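> Here is how the chains run, residue by residue.
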Amino acid sequence: MEKTSISFLAPFYFFLLGLFILFSLILFFHGLTGIDKEGNNLANFSFMILGAMGLIGTFYAIRRYQVSIQRMIKGRRIVVLTVEECSKCNYKSVRPFREGDFVYGYGEECPRCPRPPEGSVENRMLITAIYLDRGVQEERS
Amino acid sequence: MLIVPFLGQDNTEIGQIISIAYMIMFLILVFWGEKIQMLIRLRDIEYALERLRMMRDESVRFTKEKLKKYNKEEINRFIDNFLEFVTVPPVDMDPAGVVWKLDHIVKTAENRIRSEIKQIIPELDDSQVLNLMNLFEASYALNYYYKVVRHYYILGKKTSSYILIIQLQAILPQVLMEAEAYLGAIQAFSSGQPVGDGAGALVAARLMRGGEIKEIEKDNVYTVKNIDGRRVYFMKAKGPGGAVGTPGDALMKLSEVENFKTVFMVDAGLKLEGEKTGSIAEGVGAIIGGIGTEKYKIEEVATKKSIPLYGMIIKMSLKEAITPMTKEVLNGVEEACKILMQRIIEKSSEGDAVMVIGVGNTIGIGQ
Numbered sequence: 001m002e003k004t005s006i007s008f009l010a011p012f013y014f015f016l017l018g019l020f021i022l023f024s025l026i027l028f029f030h031g032l033t034g035i036d037k038e039g040n041n042l043a044n045f046s047f048m049i050l051g052a053m054g055l056i057g058t059f060y061a062i063r064r065y066q067v068s069i070q071r072m073i074k075g076r077r078i079v080v081l082t083v084e085e086c087s088k089c090n091y092k093s094v095r096p097f098r099e100g101d102f103v104y105g106y107g108e109e110c111p112r113c114p115r116p117p118e119g120s121v122e123n124r125m126l127i128t129a130i131y132l133d134r135g136v137q138e139e140r141s
Numbered sequence: 001m002l003i004v005p006f007l008g009q010d011n012t013e014i015g016q017i018i019s020i021a022y023m024i025m026f027l028i029l030v031f032w033g034e035k036i037q038m039l040i041r042l043r044d045i046e047y048a049l050e051r052l053r054m055m056r057d058e059s060v061r062f063t064k065e066k067l068k069k070y071n072k073e074e075i076n077r078f079i080d081n082f083l084e085f086v087t088v089p090p091v092d093m094d095p096a097g098v099v100w101k102l103d104h105i106v107k108t109a110e111n112r113i114r115s116e117i118k119q120i121i122p123e124l125d126d127s128q129v130l131n132l133m134n135l136f137e138a139s140y141a142l143n144y145y146y147k148v149v150r151h152y153y154i155l156g157k158k159t160s161s162y163i164l165i166i167q168l169q170a171i172l173p174q175v176l177m178e179a180e181a182y183l184g185a186i187q188a189f190s191s192g193q194p195v196g197d198g199a200g201a202l203v204a205a206r207l208m209r210g211g212e213i214k215e216i217e218k219d220n221v222y223t224v225k226n227i228d229g230r231r232v233y234f235m236k237a238k239g240p241g242g243a244v245g246t247p248g249d250a251l252m253k254l255s256e257v258e259n260f261k262t263v264f265m266v267d268a269g270l271k272l273e274g275e276k277t278g279s280i281a282e283g284v285g286a287i288i289g290g291i292g293t294e295k296y297k298i299e300e301v302a303t304k305k306s307i308p309l310y311g312m313i314i315k316m317s318l319k320e321a322i323t324p325m326t327k328e329v330l331n332g333v334e335e336a337c338k339i340l341m342q343r344i345i346e347k348s349s350e351g352d353a354v355m356v357i358g359v360g361n362t363i364g365i366g367q
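Line order of the protein sequences matches chains A and B.
1 is the number of the first residue of the first sequence in our numbering; add one for each residue after it.
1 is the number of the first residue of the second sequence in our numbering; add one for each residue after it.
It cannot be assumed that every hint is accurate.
Stated by the list, open to error - Sample of chain B residues with no beta-carbon within 10 Å of chain A, all distances over it, derived:
#	residue
1	88
2	103
3	123
4	205
5	209
6	249
7	365
To be verified - Covered stretches of chain A (chain B as the covering partner; in silico rule of three or more C-beta atoms under 8 Å from a C-beta of chain B):
#	stretch
8	55-61
9	93-105
The set of hints was computed from the structure by calculation and includes no laboratory data.
No experiment lies behind these values; they were computed from the predicted model shown.
From the three backbone atoms N, C-alpha and C, an ideal C-beta is built for every residue, glycine too.
Model the full assembly from the supplied sequences, consistent with the hints where possible.
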């Protein structure tokens with residue numbers, strides 16, 4: 001299988017973010033160092049706020065990138081349940097799906113009914129439904 | 001004023017720097033504004049493309065991992081070949097008979113893949129082979145999405161076509177959603193779990209319980225039951241392997257020996273955003289998806305013999321259709337069974353022969 005030729009765009013994005021961080025830092029320290037000297041504290045405070053906002057914004061962008069990459073890599077865990085019913089005593093059980101289960105196939109032995117002779121399927125419960133347990137499925141990333 | 005330094009209107013050093021920065025930014029935006037926007041859009045596309053590549057690789061890795069106990073080299077070679085497999089549709093300049101040609105081509109492709117899998121892994125039974133075909137198809141779909149998006153991405157970059165890039169970026173969220181659905185389908189297909197698309201088949205399976213199961217045509221089963229004096233035929237694809245059967249062929253064959261008065265079809269259908277999963281819509285017509293060949297056959301039989309076609313759709317999203325069946329879809333199935341039994345009585349008379357076709361992928365659903 002061939003490989004994708006991903007270009008310079010991701011590094012370019014981080015280069016831009018780096019520039020933002022640098023610019024925000026300069027603004028922040030310019031404001032911070034100017035407070036006592038110039039007496040124009042309102043403007044200096046606003047430089048500091050702008051610098052801080054720039055830093056928060058860029059770190060938020062980096063974090064978002066990280067999270068989306070993690071989501072991309074992380075496998076989603078889903079739980080599928082199998083419903084079994086005993087045709088004799090109507091006992092119903094719900095358990096996690098096991099490979100080989102299928103609707104109207106035979107599942108486990110009924111715990112309530114007496115044990116039949118060895119190898120017989122008479123005592124085994126019928127699988128009546130297999131469904132996804134919505135509670136543990138992760139939604140779209 | 002607080003805003004003055006940012007407008008570059010004060011005479012301090014920082015004010016001058018800011019006014020120069022504004023001018024530079026203005027010039028950059030005038031000359032390279034579109035280019036910068038294009039770069040940002042391309043970055044988004046590149047990110048989506050990388051996600052698609054990872055999904056494709058993950059599906060292929062999962063499939064290979066699943067089959068690693070068998071003939072590893074042969075399987076790897078087969079999967080790599082399968083991802084590039086092409087099925088060429090027939091020429092449609094003269095549309096007469098094109099459905100039969102398409103049907104022939106699709107069946108040939110399916111038989112070829114099925115026989116090749118059987119040849120490579122002879123230990124597998126028919127159900128496992130069908131499940132494996134479903135698994136390969138999910139990987140195929142992911143590979144196709146990846147390749148098409150990559151094609152337009154590279155083309156957009158090469159030609160610097162802003163329109164092409166915007167269009168590609170606009171459809172990407174939907175493409176990613178669909179690709180994620182296919183990735184989610186891999187677990188279901190690999191372990192043989194019923195998927196949402198099997199809702200129609202599950203309705204038929206529920207209603208055919210207790211009857212004598214007979215096979216007809218390729219991958220179909222049916223049973224005949226007496227319901228209030230009506231001979232009701234229930235038909236579905238043969239499970240629990242991931243088959244959709246050939247209901248059109250089966251109906252054609254059965255209608256040679258039985259005079260059906262009504263045909264009911266139940267299938268999973270894609271809902272519109274905002275609609276409730278598992279809700280049911282009733283209507284008329286051949287309710288069946290796919291490439292259209294089976295639909296054509298069913299419509300042919302119905303039209304020639306003037307048989308009314310009634311249908312029922314159990315609604316769900318694409319993701320729900322190809323991932324393990326949800327509780328809402330299952331509730332829809334139970335509801336559809338009740339409605340269908342009512343309709344059979346309402347739309348037919350005693351002594352009539354009625355056909356009920358449960359359409360859909362019967363993976364994980366026996367009979």
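> Look at each hint and say if it fits the structure.
Now for the hints, and whether the structure bears them out:
No Cβ of chain A approaches the Cβ of residue 88/B within 10 Å, the least distance being about 22 Å, so the stated non-interface status holds. The claim that residue 103/B is not at the interface with chain A holds, since no C-beta of that chain comes within 10 Å of its own (minimum 29 Å). At roughly 15 Å from the closest C-beta of chain A, the C-beta of residue 123/B stays outside 10 Å, upholding its exclusion from the interface. The claim that residue 205/B is not at the interface with chain A is violated, since a C-beta of that chain comes within 10 Å of its own (minimum 6 Å).
A cut-off of 10 Å between C-beta atoms contradicts the statement that residue 209/B is not in contact with chain A; the least separation is 7 Å. Against the 10 Å criterion, residue 249/B stays outside the reach of chain A, whose nearest CB is about 24 Å from its own CB. Remark: the non-interface label on residue 365/B conflicts with the geometry, its nearest Cβ contact in chain A lying 5 Å away (cut-off 10 Å). Taking a C-beta to C-beta cut-off of 8 Å, the stretch 55-61 of chain A contributes 0 residues in contact with chain B, too few for the three needed, and the coverage statement is violated.
Under the rule that three or more residues need a Cβ within less than 8 Å of chain B, the assignment of the stretch 93-105 of chain A holds, with 8 such residues.
This entry does not satisfy hints 4, 5, 7, 8, going by the numbered hints stated previously.
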